[in-house]
Each structure stands twice: as C-alpha cells, then as structure tokens.
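Chemist: Given these sequences and hints, build the entire structure.
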Amino acid sequence: MKQTLLSLSNLSKQFDGKTVLDSLDLEILDGEFITLLGPSGCGKTTLLRLMAGFEHPDTGTITLGGEDLTHTPPEKRPLNTVFQNYALFPHMSVFDNVAYGLKMEKRPKEEIRQRVDDALAMVQLGEFARRKPHQLSGGQQQRVAIARAVIKRPKMLLLDEPLSALDFKLRRTMQVELKRLQRELGITFVFVTHDQEEALSMSDRVVVLKDGQVQQLGTPREVYERPANLFTARFVGDTNFFAGRVDVANGDDTITVDVFGLKRTFPKPDFQVAAGQLLHVLLRPEDIRVLAPNDDDGVAGKVVERNYKGSTLDSVIHLDDGTEVLASEFFDEDDPTFDYSLGERVKVSWVDGWEWLLPEENTETELEGAVDA
Amino acid sequence: MRSVMQQPFRTAVLVLVWGWLLFLVLTPNLLVIGASVMTRDPGTFISLPLNLDAYRQLFNPLYLDVFLHSLYMAAMTTLICLLIGYPFAWALSKVPRQRQMLLIFLLIVPFWTNSLVRTYALKLILATNGLLNNALMSVGLIDQPMQMLYTEGAVIIGLVYLLLPFMILPLYAVFDDLREDLLRASHDLGAGRLATFVHIIVPMTLPGVLAGVMLVLLPAMGLFFVPDILGGSRNLLVGNVIKNQFLDARNWPFGAAASIMLTLAMAFLMFAHRLSKRRIGEEGV
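Residue numbers (UniProt numbering), protein chains in the order written: chain V, 1 to 373; chain W, 1 to 285.
Quick caveat, the hints were computed from the structure, so don't treat them as lab data.
All C-beta atoms, glycine included, are put in the ideal place defined by N, C-alpha and C.
The reader is advised that the hints may include incorrect statements.
Unchecked claim - Simulated crosslink set (DSS-like; lysine-lysine; CA at most 25 Å straight-line):
1. V:18 - W:277
2. V:155 - V:179
3. W:277 - W:94
4. V:132 - V:103
5. W:277 - V:132
6. V:106 - V:132
Said to hold, decoys possible - Simulated coverage check for chain W against chain V, where a stretch passes if three residues somewhere in it have a Cβ under 8 Å from a Cβ of chain V:
7. 32 to 45
8. 260 to 274
Said to hold, decoys possible - Among the chain V residues that face chain W by a calculated CB cut under 8 Å, a handful are:
9. 89
10. 90
11. 91
12. 197
Modeler: If you want it as structure tokens, here you go:
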C-alpha cells in the first residue's frame, strides 16, 4: 500500500481579499502521478506554489513525510519545480543550468560533471551541453528544465503546466516521455494542467479543483465515469445532461426514472431519492446510440451537425423537445460508409447501465466558463 | 534609378537619414580627427604640417593629472549613482504598475528645467550662506558654515544630481525584464538570497549596469559647467580642458585630441555592453 508523502490540511489563501484556496485538504501518495486539474483561476497554480514554498498559506499546514514544511523557504524543501515557461537561466549554458542545483549544494566538481552528463543523457540532450537556452527549440528547453529539476533527486517533482507552450505533436511525445521518466525515477509527480485529456491519460489520480476547493479526487476512470458533481461532469469530457424525474423508488436497489417520457430503471444512486424528485441523467457521447426513425425504442429528433473525426463520427442531434444531444459513434466494419445527412430523422437511445445519475444542484451559475479545455 | 521612381518616399527618407548622418555626425567627427593631427596656429587656429604633438601633449604630467582627477570624480559619481540607482531601480520594478509610471514621471520631471539653471539652484543650496548650511546651523548640528561650495565634493554632488536618472532608467529596464520565475527557479534549486543575487540577479542586470555606467561616466567627464559653477579652479573635468582649449587657449589640435580620447573611451564601454548583452542571449545594440 502506498504511503502518504505530502499532506495538505486546511489550506487557505487569499489574494487582495479574493479567496483562492478555501480550507483545502489533500493527501499525495508516495510515487504517484497526481494531476491538479481545473479551469484558470481554480487555485491549482497557487496550490503548487504553496507546495514549492513560493507562497505561504494564510491558514493550514503542509507536511512532507511527517515533517512540517509550512514555513520552510523553497531552497530548503526537498522538492523541485518545472516551470510553465521553463525559467531556464538565459546567461548560463545548458550544462550550467542543469548543474545549478548541485553547485548550490557545493558538490565536488567531478560528481557534478558525472551527474549532469547522466541527467542530460536521460533527456537525450547530451550533445547540447554547451549551448545556451535560446539556441534550443521549445521541446529541448522543456527537457533541460526537467533535467535541471530532477538532478537533485527530489522527493517530489512539481510541474506547472509544463507542456502548455508546446505544439500538439510535441505535447504527445512529451506526455509519454514524462510518464517514462516518472516510472524510471520513481519520484512523485504533481502535475498541473487545465487540459482534461492530458490529465486523464497521464495520471494515477486526478484532483479536480474549482474555486479553491477539491471537487473530486479519484482515478481518471472514476472522474470520467462517475463524476461527483455537475462541474466535474462538464469539465472533464463532453457530457449529455438529460433531465429526469424519479417515478418510483423501488423497494429493491433500483429506481425508475422518467426521461423524455421513457420509463427507465437504474440502480439506486448513493444520494437520497424520493418520488417526484428531479435529477440529471448523464451520458457521455460514446454511450449514445442513434437508431432508425422507426425503431421502437428511443427519442425522436433530427441530425443538425455531423463531424467526421477519422475513427468516430460525431453528431449533434436536436430532439423534438429542444434538447441537444452529442453522439460519438465508432465506425463499424460491417457498414464502413455509414453517415448521416443533415436534417435526417433519427431516434436517440443509449446503452442501459452506462448512465450516471446526479442530483439537481441549486448553484448552476458559473458553469458556463468552466467548459474550456 | 527605377527604384527611385517607384519608391519616392522611401528614397527621400533614406537620403534624409544618410544626409543627416553624413553631414552632422560623420563630417564633424572627421573634422575633429583632422584637427587633432594638425598644428596649432594663432591666426587660422589650425595649419599644416600634420603631426601627433597634440596626442603627445595628452601625456604631459600637468594634463595627465587633470585627466586622472577628472576620471576619479567621474568614477566616484558613477559609483554613487550605481549605489543609489541599483536598489532604487530594483524597488521601482517592484511597486504596482500604476505607481511605477508616476515615479518614473517624477524622475523625468527635472529634465524640463535646463540643467544649467538646476546647477545654479544647487549652488544656492551649497553656498556658505546657503540653504543647507543655514538649516544645519539652525538645528544646532554645526556652529559655523561648512565650506561645501568649490570643493571636489560639490562637483560630485552636482554630477550625481544631474546624472542619476541616466543610471536609474536603464537599470529599471533590466529589472523590469527580470522574470520572477528565474528567481523562483534559483530558490527552488537550493540557492539562498545571496547566492541568487550573485548568480542570477547580477549577471541578468549587468547590461543595465553597463548602459548606466556608459550614460553617466562619460558625461561626468564632460559636463564642464558643473565645475565652472560648483568646483572652483582645482576641480576640472576633461570637458573643461576641451572647452578651454577651444575657447580660451585657442589650441584646437589639443582640444580635438582630448575629445577623441573621450570618444574612444565611449567606444570601449559600448563594446563591453554589447558583450554583456550577448551573454544573456539578447541581440547586441
């Protein structure tokens, strides 16, 4: 079983009277790859800075392996940071940049040379040691920043949106490379991003943040398939929200819900339900099934948009009651030419058991801005 | 010829710029170089034959003393400007943006008054019966007026007063460019405040230091009216020597040689500045 490495408890931070972190608790496990995910302004970067020691919390404590770090200056913390814009020292060569941390420890020259060479070899930049940072490409600068941060063998590596300045292809390469490094080094990675896809594909666990509070903490699969609330559901991936009304709370572990006039039976959710209560039925676009207009099952509507995505066909369907439905269907070997024409009448259904129920929330404001990524 | 017809505006601008540089920069400098290698002539100021007497005269112990003393006062001025300007510019880069603009504005306001007038104002403050002496006496710190005017100190105070903004502005520019991230990265990698200052802040602000030195040191050797008003006869600058040679002693070759020496010193500083900028990966000026 993994042990807690870094423990944040009751952390609060305000800037100019604006609350950025709101009594936040979080336990980070030894050796895990954990991602702080959220829209801009959610407090993820502030949280990272508190861990690094660049900012200090108004209240709360930070402990690392049982040792209180709350007021320790950054230079005395056994963790290192990879900065968003790399923050390489422009007046130093690649070698001197990577060697900086060891020089500050006053290590012997020979040891520094050996370890810098190893670190540069690890990020495949051995022959660039003599270059200045501005003579390197963005991806190479990124790798220097990583080598510089891991050379002191920190207990934990903090990465502040390290891939956001790279183009799409390079991002994918660096994502794989970071995962490889994390496995090889066995260091705990705390990764900050606003890109939910990146968060899901790289992390052991994801922390979804909003307004300085943890919305959900779980594995990528839990966060995607069983979002804790509407915010997480909307922020992580595309989601269809269907309004439902509880028809009967059955005696057994199921409830019957009225969705678009269809009576569907679901397993009982882990929140309280009563007959007549409104709730949201969540379905991911890939859970949607588009049926022929004369099918017995489903809700009638028409196709208003179609996007060919190579491996999937994504469509937007306008139901007759006005609800918009996103559907994402894989191409089928039996019917390689399947396609919709705009305005085509269809019926919409979904795979039973793949839906997820969330209670009605009163605070539906602020959700609009959340759907970037 | 075709391009002249096609781009009359472009051609006109280029002719204007090159003409300006040719007639108002290159020609005067060539004339100065020419004058410096000619012979002094009481009637026509300069005459043939060509020789290097003027340059030899630069090494005359009498003038060498003046030059070294001038260099000393200019160096003190530069050092004091640097010691005041460096922390000043650093602090300036830390205050909120809007206040920053106000402070820079206040820094520039004195330029709206002629520097000669401001030097006379300084004279009134430093004089035996001046503001400063009277103030010090009225609070009982001194019993009788101090001799401040017509001292080396008065010249240096005057030069610092006039030249300080030229030190602060380039330093402010480099501090403003200094990214907080770099300092954070340095701390993150285990460097304390002092180590971060030595290894990151100083090298990153060096181009600003050299630019400031360039803008202070050379004018500090040339602002002849400051010693004229504040310094008395013993605290001369190279600028006074040059002015005297042209206006009083009528020794144009020597005056020209002395001013070429200043130009060469400037060229040397510009070269050093360029090197320092290249080190931090910026284009040289």
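Chemist: Run the structure past the numbered hints and jot down the numbers of the failing ones, going up.
Modeler: 1, 7, 8, 12
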